[in-house]
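Visitor: In the order they appear, the protein sequences are chains A and B. Numbered according to the numbering used here, the first sequence terminates at residue 130, and the numbering increases by one at each position without gaps. Numbered according to the numbering used here, the second sequence terminates at residue 260, and the numbering increases by one at each position without gaps.
Please note that the accuracy of each hint is not assured.
One-sided excerpt, in silico: chain A residues whose CB lies under 10 Å from chain B [stated by the list, open to error]:
(1) Thr94
(2) Leu109
(3) Ile112
(4) Ala113
(5) Ser122
To be clear, the hints were calculated from the coordinates, so they are not data collected in a lab. Glycine included, every Cβ here is placed at the ideal spot set by N, Cα and C.
Each chain is listed here by its residues.
Number of protein chains: 2
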Amino acid sequence: MSRPKSKSGEKPPLDRPAIRLKINIRADMLGAGKIRLLTLLGETGSISAAARELGVSYRRAWFLLDTLQACFREPLFETSRGGVGKGGSTLTATGQELVRRHQEFRAALDEIAEPYLDWLESQQSGEPPS
Amino acid sequence: MSRPKSKSGEKPPLDRPAIRLKINIRADMLGAGKIRLLTLLGETGSISAAARELGVSYRRAWFLLDTLQACFREPLFETSRGGVGKGGSTLTATGQELVRRHQEFRAALDEIAEPYLDWLESQQSGEPPS
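Chain A on its own, in the form it takes in the complex (with noise of 0.2 Å):
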């Protein structure tokens, strides 16, 4: 029985054990949710798309990209307010190579992981309470 993923991706359905991954850096933590918030954001060209798409207000999301961006010395994103049509947001360079980077470290980690989870999920106890 498969539990549905919350829109966030950060909880796994219970009855197959899961990594949760998060990295510090600086005062804050960067794990799945803001990895697939700015993922977002490069592919609606919008925070408030990629709020939306999320699952979270416009100020969570503004929020969430503002305390991540102090943690870095470089732009992760832009916004423009443009001029008779609407603005956008983009990924810079240093966004675009997070997200890569994130991704594929994640990747290389699930796979590794394979064969833990197995032998997790083999020894765990009956199933959960309903």
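Starting from the known structure of chain A, fit chain B onto it as the hints suggest.
Guide: Relative to the frame of chain A, chain B by itself:
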């Protein structure tokens, strides 16, 4: 400038990005703290000595062990009352295998994480606020 680790081993120095790993298993989260508690229990043969080493109360250590144990089918440790002599606690084969597998996985993870953490460190903003 390096900051000391906390006794639980969970808080890394702030000047180097660091990975914080948790594994969701059933309703619990398994991380460095509980693995260290099990390791100390195996080394000292005593929950209270392990708690003291970890810098937590006996009640807290027992709670951590109890919630972790509830996720597993087989016992992770055994406690004997003993007769005239004092009792003691030992890790079972399953408990020992959990510690070994976790530490091996963590070591492999730390190895593949190096290039990403190096890059993050090179990109992070100036000195953290003191």
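Visitor: All hints, please: hold or fail.
Guide: Hints and how they fare:
no., hint, result
1, Thr94, "holds, 7 Å"
2, Leu109, "holds, 6 Å"
3, Ile112, "holds, 5 Å"
4, Ala113, "holds, 6 Å"
5, Ser122, "holds, 9 Å"
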